[in-house]
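If you read the sequences in order, they're chains L and S.
Position 170 of the first sequence, counted from 1, bears residue number 170 in my numbering, the numbering being contiguous throughout.
Position 238 of the second sequence, counted from 1, bears residue number 238 in my numbering, the numbering being contiguous throughout.
Be aware that one or more of the hints could be misleading.
[As the list claims (entries may be wrong)] Sample of chain L residues at the chain S side, in silico, Cβ under 10 Å: (1) Pro115; (2) Leu125; (3) Ser157.
[To be verified] Computed cross-link-like contacts, PhoX-like style, restricted to lysine-lysine with a CA-CA straight-line distance of at most 25 Å: (4) Lys274(S) to Lys77(L); (5) Lys152(S) to Lys88(S); (6) Lys119(L) to Lys173(L); (7) Lys173(L) to Lys77(L); (8) Lys77(L) to Lys107(L); (9) Lys182(S) to Lys162(L); (10) Lys274(S) to Lys81(L); (11) Lys107(L) to Lys152(S); (12) Lys152(S) to Lys119(L); (13) Lys3(L) to Lys77(L); (14) Lys283(S) to Lys77(L); (15) Lys182(S) to Lys154(S); (16) Lys81(L) to Lys173(L); (17) Lys182(S) to Lys119(L); (18) Lys62(S) to Lys143(S); (19) Lys173(L) to Lys274(S); (20) Lys102(L) to Lys162(L).
Worth flagging that the hints you see were computed from the coordinates, not collected in a lab.
Predicted model, so just to flag it, every value in this text is computed and none were measured.
Glycine included, every Cβ here is placed at the ideal spot set by N, Cα and C.
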Amino acid sequence: MPKALERGLAGLFRSRWGVALVIAILVLAVVGIGRLFSDNAGNGQQLLDPVSPAPTVSVNPSVDDDGVIVDDEPPPKPTAKPGTASPEAVAYAFASAWVDHKNVSAKAWHDGLVPNATKNLTEELDGVNPADVPADRVIGRPTLVPIGDGLANAVISVDSGKLTLQLVAPDGKWLVDGVDWEAS
Amino acid sequence: MTTLRRPRRVVLLVALVSTLALLCCGGAVSAVIFSTSNDKEDDLSLFSSGCGTGGPVDPDAKLPRLRPYGPAQMRNAAVIINVGAELKMPPRAWVIAVATAMQESRLTNLGHLGKRNDHDSLGLFQQRPSSGWGTPTEVTDPKYAATKFYEKLKTVDGWESMPLTKAAQRVQISAYPDAYAKHEPIATQIVNVLADGAANAVGDSIDMVCASAADVAASGWTNPMAINAPRGEEWSVGSGFRTRQRPTHNGVDLIVDTGTPIRSVASGTVSRIKCDETFSGRKDCDRPGYPGKGGCGWMLEIRHAGNIMTRYCHLVRRPDLRVGQRVAAGQVVALSGTSGNSSGPHLHFEVHLNNDRSSRSAVDPVQFMAQRGAPLGGSQ
Chain L
1 MPKALERGLA GLFRSRWGVA LVIAILVLAV VGIGRLFSDN AGNGQQLLDP
51 VSPAPTVSVN PSVDDDGVIV DDEPPPKPTA KPGTASPEAV AYAFASAWVD
101 HKNVSAKAWH DGLVPNATKN LTEELDGVNP ADVPADRVIG RPTLVPIGDG
151 LANAVISVDS GKLTLQLVAP DGKWLVDGVD WEAS
Chain S
1 MTTLRRPRRV VLLVALVSTL ALLCCGGAVS AVIFSTSNDK EDDLSLFSSG
51 CGTGGPVDPD AKLPRLRPYG PAQMRNAAVI INVGAELKMP PRAWVIAVAT
101 AMQESRLTNL GHLGKRNDHD SLGLFQQRPS SGWGTPTEVT DPKYAATKFY
151 EKLKTVDGWE SMPLTKAAQR VQISAYPDAY AKHEPIATQI VNVLADGAAN
201 AVGDSIDMVC ASAADVAASG WTNPMAINAP RGEEWSVGSG FRTRQRPTHN
251 GVDLIVDTGT PIRSVASGTV SRIKCDETFS GRKDCDRPGY PGKGGCGWML
301 EIRHAGNIMT RYCHLVRRPD LRVGQRVAAG QVVALSGTSG NSSGPHLHFE
351 VHLNNDRSSR SAVDPVQFMA QRGAPLGGSQ
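The following block holds chain L by itself, in its conformation from the complex:
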């Protein structure tokens, strides 16, 4: 420590007023810094204001466990009614028609999908330019993932990625109701 500073500090602390002054400066500095930062930190307060129009809570202890008894059963394996196509066959036929998009008119491409699609999906695909189909070939057989009773996803590998078809069975006949594709 340089001599001058040492002497100055010693002088400051020798007087009571000096000590009081140092304490006052320290306290002001700490509080001031706290104030400065607390404004920014105030953003966290939004967490305390939940969405408003919420119903109140009252506990009704009289209702026992009222959920399903056997809830771990996975959805059943999709089956087809006798005389109708299996879900795998429907998915494969749809996927083959979907990738067949080169040198076809929009109408011809759309017509090829209709036999295996629900009315809903037929409408959704109305007006699609077949040139937009991002795949050229079906590579694998469909893998079925049961989602519900009479509801399943079929996942099919295509040359550019993965095609996911949502299958439903209104009136027992399996049809494609949704299409998604993801690049590999």
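Starting from the known structure of chain L, fit chain S onto it as the hints suggest.
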């Protein structure tokens, strides 16, 4: 002697002063430390919910990140939201537009990708100059692209109440129309962080007010019951999710009179309609149940975008639906009752994640619904 004592006194005094300062202001210091560390967790802001009253943020401001999207992508999202607000489109349109751009371009303003390019599609929404969307320079301007998207969305009849993927498909006309659905949860979060919780607001109104039980929020979610009250103010959430008394209670019980219309909490596909077995294996769901009988009674399951399933139990009769049928958010799907293991009329409501109907995947519906701007009520 004095030269030795002086430094000691200085040390003593400094120690005293700093101890005093710490004692009197320690709280303020630690508050500063803790609150700044909270600010760094971007997740917290996801639950801030002003219902959009604060308006969208300026795209040129410093924006929060939301994985997997970086600063440039969040900026594009902010542009999309701001354009929507300027065009007086309600917040549901902002969520649809952001989700669409997530699918088409990952919120990146794509230029020409050479041979890999999806024909002449360009920009955030992959719009095609050859189909009349605009010149290449125009469709690669985020403001122009978003404006064109909203203008076309506005012409779609009933877009406000459509499932997100259907509304997006009407504008984009994609060869795989269900692709937009999976982006709905993150698009909702993005709109919330960039527009003061706007996804919690009433979806089809530009007033920016929090959605009430009857409204569908901009997130696409709503309450299972539209009514506000038995006594004029509100209906009540009975037993909560996995409480200490009922650790295996995998849903919440909402106390309502028999015959109350039950609505689907989001758009989806009916995946199961069933009369659940009782302990004795009987299936007599058409009569009122009693405590100890066992089972869910007449039950309904609906699958939603993002591998989410909701379950509705103790219905008064078999819901008039078929499996595979698509339902809209807020559509009446059943009537409440007291069938199965039930001491009185109520709706037992469950939310499951990961395309899994087992109890493992059940989450607290109160929390889940509150995060989507459709609160059932505080569970505490």
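Status of the hints after comparison with the structure:
1. Pro115: violated, 18 Å
2. Leu125: holds, 7 Å
3. Ser157: violated, 15 Å
4. Lys274(S) to Lys77(L): With Cα atoms ~17 Å apart, Lys274(S) and Lys77(L) stay inside 25 Å; holds.
5. Lys152(S) to Lys88(S): holds, 14 Å
6. Lys119(L) to Lys173(L): Given that 25 Å is the threshold and the Cα spacing comes to 13 Å, the pair holds.
7. Lys173(L) to Lys77(L): holds, 15 Å
8. Lys77(L) to Lys107(L): violated, 35 Å
9. Lys182(S) to Lys162(L): Holds, at roughly 15 Å.
10. Lys274(S) to Lys81(L): Holds: Lys274(S) and Lys81(L) sit about 20 Å apart, inside 25 Å.
11. Lys107(L) to Lys152(S): With Cα atoms ~23 Å apart, Lys107(L) and Lys152(S) stay inside 25 Å; holds.
12. Lys152(S) to Lys119(L): holds, 24 Å
13. Lys3(L) to Lys77(L): violated, 90 Å
14. Lys283(S) to Lys77(L): holds, 23 Å
15. Lys182(S) to Lys154(S): holds, 22 Å
16. Lys81(L) to Lys173(L): holds, 7 Å
17. Lys182(S) to Lys119(L): holds, 22 Å
18. Lys62(S) to Lys143(S): holds, 19 Å
19. Lys173(L) to Lys274(S): Roughly 20 Å separates the two Cα atoms, so the pair holds.
20. Lys102(L) to Lys162(L): holds, 19 Å
The structure fails to meet hints 1, 3, 8, 13 from the earlier list, while all remaining hints are met.
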